[in-house]
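With chain A's structure known, arrange chains B, C and D on it following the hints.
There are 4 protein chains.
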Amino acid sequence: QRRFFRVIFGTESGAGKAFDLLLIVAILASVTVIMLDSIPELHASYGALFWRIEVMFTLLFTVEYAIRIWCSENRREYVTSLYGVVDLLSILPTYMAFLIPGAASLTIVRLLRILRIFRVLRLFSLVKEYAEILDVLRKSSRAIFVFFSMVIILTIIFGCLIYVIEGPSSGFTSIPISIYWAIVTITTVGYGDVVPVTAAGRVVSSLGMLLGYSIIAVPTAIVTTKLYEKMQGDDNRVLNWNCPNCVR
Amino acid sequence: QRRFFRVIFGTESGAGKAFDLLLIVAILASVTVIMLDSIPELHASYGALFWRIEVMFTLLFTVEYAIRIWCSENRREYVTSLYGVVDLLSILPTYMAFLIPGAASLTIVRLLRILRIFRVLRLFSLVKEYAEILDVLRKSSRAIFVFFSMVIILTIIFGCLIYVIEGPSSGFTSIPISIYWAIVTITTVGYGDVVPVTAAGRVVSSLGMLLGYSIIAVPTAIVTTKLYEKMQGDDNRVLNWNCPNCVR
Amino acid sequence: QRRFFRVIFGTESGAGKAFDLLLIVAILASVTVIMLDSIPELHASYGALFWRIEVMFTLLFTVEYAIRIWCSENRREYVTSLYGVVDLLSILPTYMAFLIPGAASLTIVRLLRILRIFRVLRLFSLVKEYAEILDVLRKSSRAIFVFFSMVIILTIIFGCLIYVIEGPSSGFTSIPISIYWAIVTITTVGYGDVVPVTAAGRVVSSLGMLLGYSIIAVPTAIVTTKLYEKMQGDDNRVLNWNCPNCVR
Amino acid sequence: QRRFFRVIFGTESGAGKAFDLLLIVAILASVTVIMLDSIPELHASYGALFWRIEVMFTLLFTVEYAIRIWCSENRREYVTSLYGVVDLLSILPTYMAFLIPGAASLTIVRLLRILRIFRVLRLFSLVKEYAEILDVLRKSSRAIFVFFSMVIILTIIFGCLIYVIEGPSSGFTSIPISIYWAIVTITTVGYGDVVPVTAAGRVVSSLGMLLGYSIIAVPTAIVTTKLYEKMQGDDNRVLNWNCPNCVR
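As given, the protein sequences belong to chains A, B, C and D, one line each in that order. Mapped onto our numbering, the consecutive letters of the first sequence carry residue numbers 803 to 1050. Mapped onto our numbering, the consecutive letters of the second sequence carry residue numbers 803 to 1050. Mapped onto our numbering, the consecutive letters of the third sequence carry residue numbers 803 to 1050. Mapped onto our numbering, the consecutive letters of the fourth sequence carry residue numbers 803 to 1050.
Only chain A is shown next, with the shape it has when bound in the complex (with noise of 0.2 Å):
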């Protein structure tokens, strides 16, 4: 059991790591077969193939969970865990779909799977870089949120203008469209799927890329700031008595 789990849930022994790939290759597998399958000419000619795949793939899955429930220290733990939840989910829907054939929409509910690529990616020694990007957004989250919730009401604040200027007759039909024309408009999208076509229109929604193109810069200052911050917080006490002179 403590074999099991050392191969499973670790990533040090040789065992681990060579489990660890081969659940990768299988998790990215099976999530391409799921896409592959959404195309409707490959699924008109192969559908029978991929549903044979997946099902292999989502027994695979199971006794992976099961396993992995069996060898946990803790099991309610780990079933209650973001992780368990996320492989139960990726194994449900397929099981589900035998009982309701109509299902269509659930079979999306596998495609949670490739959150399961998050646990493995530790293997790739990456996780520092990714806890130090996570660390840093969290840092910076409070700020982030009070930009967010500016860049919000400065939508609404467009989106009810350019309502009032161009009208439905433009294809601005209520204020809910406007404020998602205003959302592609700042964040510098740009569809061009509902466009403003008269001269006063133009100006609002010039204002609103001028300052959308703008005001960009303050989420990147936030983080880059916290991010040097958080750098120079390892460095800074090293290099304050660091003077080559005073340390002969």
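Treat the hints as calculated values from the structure; they're not laboratory data. It cannot be assumed that every hint is accurate.
Any copy, or any two copies together, can satisfy a pair, since identical chains are not distinguished.
Here are the simulated lysine-lysine pairs, DSSO-like style, with alpha carbons at most 27 Å apart [claimed, not checked]:
hint: 1; residue 1: Lys-941; residue 2: Lys-1032
hint: 2; residue 1: Lys-941; residue 2: Lys-930
hint: 3; residue 1: Lys-941; residue 2: Lys-819
hint: 4; residue 1: Lys-930; residue 2: Lys-1032
hint: 5; residue 1: Lys-819; residue 2: Lys-930
hint: 6; residue 1: Lys-1032; residue 2: Lys-819
Using the frame of chain A, we list chains B, C and D on its own:
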């Protein structure tokens, strides 16, 4: 009167926090109703209901406005302050709609009440980050203003160039429209509603895109530097005390 | 002569400031008239009026140009300077239009007078920020040039790839057009006038988007670092000697 | 042989610089000819001329390639090096076109010779900046790889969400196309060829836009911090000598 003041304007007491939470829910609900009312399908079926809810919220905000005036120590100051004007503007349009029936665009002014949320945001102690961002933007406002005037002169130059090159046959029917195209291009929004079709026009617009793609670095650099300076400004004094001279 | 010089070229005296303000209003008014004249509807109804205003402004600027030459200490220097050439170019096209009637594109050159605003901008004491931004851009110009040559080589590679993959049937009729598409994609403008339709083309363009989305970090990093170095360069020496303990 | 080596591979001597300049002109001219040849109108009128110029350039590059092999000290090393392979690939397709007449796509490979410019870029002493940018990108490559894997997982999640919400009727005919849409949206390119039309789809895509708009801060922060650290690393030692201890 004093107790009312503390509850309505303050955020320290428990009752003050509860009042602020209630108010934020009321504001968001009222804004949501106005937005939903602008969707033609919903207006057709629920227009009367929305109007009744709207009148109810207006009465609520009127009572709140009256209490605010009553319990203020300096009533004139409150009424003429930005918050006081926004409070008034968010209830006035509904009453005006009773007097002037056809004033559809007036109802939009009611959306101004979203601005009231800024006040209640104090609740979340987020004000520090919010004030910081505003302060950095204020400090870099002169540099950003210069940057903007450069961008606007660039858009005018690109707009005139494309107007001469492409001409009315490709949709560039006037210089203002060509400048609108230049703003859409340089801010990297790219709607695609007005697009160059000649070889020369595409070369010019490619230059505009590359320019717009790279000068975004300027406002980002300004805001990042100002924010970092501000952050360091707080820590600097502490850092200076780590003087190798003094530690001995 | 000296007094005229001080009023026209200087910004210190009250009369000099008033003259600069008048000039900036005249330039903006004149540019606005040229823009409005390019709108077909307005040209049809007010074309004659616009032309009369234009002639009036040209006479005004001619008088100003003459006085500038007359009161300059070194006349040749002024005439051959960039400002002198722009001043001449902003009045010449109107006179040329009298001689060669059909020279429509010549009238566009008049828009060059917007460049004259740069001179008057001195008024706002904004020059410090303006000079700072230009200085930082000049210092990072070599690095940005290298970055640009990398981006251009990338667009050529992506343009050739998509030309081979998509071919003329999807609108990629030649390599130059495919490179134009690559620039539109990598700079994240995304007009949508030329768009990949095959699966392979979409994979390639997705790679191009992700690349363009992330390498924007390079010029931003360069400009931010240079700007920060410049800012620190001014303060650094002071900071190093500034131990509050030691100064006593 | 040694003199040839110095002229062809070196950049110090006057003859070496002149040779490099000639080579860069030849490469750019040859690439331009290939591009112009791809335009149908020009190919129709000047196709034969372009082919003759192409053959001439190929002979020239063949002679250059032969001399390079001849004067290399370690011939095998040159031939198997990246530069040697690129040199060979840029002449081979033209000879292949004589043997296999219909190989249209092969001619594209000739465009690989644009890569040869990288070598000649040494001439401009720009290599320092170029090497610096590449070095910073290499140092931040792990963090950027992590960022990319996060972005790709995000695009998969958003792609699946929109596929379930919008479905084939709005153009989201398969999961791969929906992921393509998610990449177009999150990178803020926004072609507008596939666009959400339902209310729920627009809400999801708005979230995707805001996310893509703000997480661009992450790679920018990483590269800026790494570049700044690198810059400081060079100056730091000098800065440390300003120790208040030592100056006395």
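Here's how the hints hold up against the structure:
Taking CA atoms no more than 27 Å apart as the test, Lys-941 paired with Lys-1032 passes in both settings, with 10 Å inside one copy and 17 Å between copies. For a Cα distance limit of 27 Å, the shortest separation of Lys-941 from Lys-930 qualifies both inside one copy, at 16 Å, and across copies, at 14 Å. Proximity of Lys-941 to Lys-819 under the C-alpha cut-off of 27 Å is restricted to the inter-copy arrangement: shortest distance 26 Å between copies versus 32 Å within a copy. In this assembly of identical chains, Lys-930 and Lys-1032 lie within 27 Å of each other by CA distance both inside one copy and across copies; the values are 13 Å within and 20 Å between.
Taking the shortest alpha-carbon separations for Lys-819 and Lys-930, only the intra-copy value of 18 Å comes in at or below 27 Å, while the best inter-copy value is 40 Å. Taking the shortest alpha-carbon separations for Lys-1032 and Lys-819, neither the intra-copy value of 31 Å nor the inter-copy value of 34 Å comes in at or below 27 Å.
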